[in-house]
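Student: Sequence:
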Amino acid sequence: MAKHLAGGTTVCVTVTPFDGLVLARSAFHHSVNYRSVMAFGAAEPVDGAAAKMASLERFIERLYPDRWQAIRQPDDAELARTSVFRLAFDEAVCQARTGSPVDHDADLSLQVWAGTVPVERRFGVPVDAPDLNVHASPGVVGDGLN
1 MAKHLAGGTT
11 VCVTVTPFDG
21 LVLARSAFHH
31 SVNYRSVMAF
41 GAAEPVDGAA
51 AKMASLERFI
61 ERLYPDRWQA
71 IRQPDDAELA
81 RTSVFRLAFD
91 EAVCQARTGS
101 PVDHDADLSL
111 QVWAGTVPVE
121 RRFGVPVDAP
131 DLNVHASPGV
141 VGDGLN
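Just so you know, we're using the working numbering here: the sequence shown kicks off at 1 and counts up by one.
Calculated from the structure, these hints are not laboratory results.
All C-beta atoms in this analysis are idealised placements derived from N, C-alpha and C, irrespective of residue type, glycine included.
A hint or two may mislead.
[To be verified] Restraint ranges, calculated between C-beta atoms of paired labels, are given here:
hint, residue 1, residue 2, range
1, 3, 121, 30 to 36 Å
2, 72, 115, 26 to 32 Å
3, 51, 18, 31 to 37 Å
4, 60, 100, 35 to 41 Å
5, 79, 37, 27 to 33 Å
6, 110, 65, 38 to 44 Å
7, 4, 117, 36 to 42 Å
8, 132, 18, 31 to 37 Å
9, 55, 103, 46 to 52 Å
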């Protein structure tokens, strides 16, 4: 795939967070709440060890604040085996569904629960690696996971 992308192939990146279940009074009106984005553009390889290392550092620090300095950075062999791409998006489309169920007026008198069940996204309790040889507090992963 990396060789294919390196040729300037147009790519599509799609992200769709699932936000909740929508339960209506009729089967027809059941749904889900979501947000969806599709972005189209060209993938451009990031060349050079220094540029790749800087991109990987930004990626790690975005997900795991203050983690980069605590971990071993990629060695030359790992860096050579890693492809990094930047994406320049030319266009994007989005779609979302939010809110409560929309039932037919005739169904409003039915004695059945209707509403939404939100999805909660949160980090759970950290689980130590089985071969962990350091007993650090989970806080070492940064405030972004607390």
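Student: Does each hint fit the structure? Answer for all of them.
Tutor: These are the hints, each one checked on the structure:
no.: 1; hint: 3 / 121: 30 to 36 Å; in the structure: 35 Å, holds
no.: 2; hint: 72 / 115: 26 to 32 Å; in the structure: 49 Å, violated
no.: 3; hint: 51 / 18: 31 to 37 Å; in the structure: 35 Å, holds
no.: 4; hint: 60 / 100: 35 to 41 Å; in the structure: 40 Å, holds
no.: 5; hint: 79 / 37: 27 to 33 Å; in the structure: 30 Å, holds
no.: 6; hint: 110 / 65: 38 to 44 Å; in the structure: 49 Å, violated
no.: 7; hint: 4 / 117: 36 to 42 Å; in the structure: 41 Å, holds
no.: 8; hint: 132 / 18: 31 to 37 Å; in the structure: 32 Å, holds
no.: 9; hint: 55 / 103: 46 to 52 Å; in the structure: 49 Å, holds
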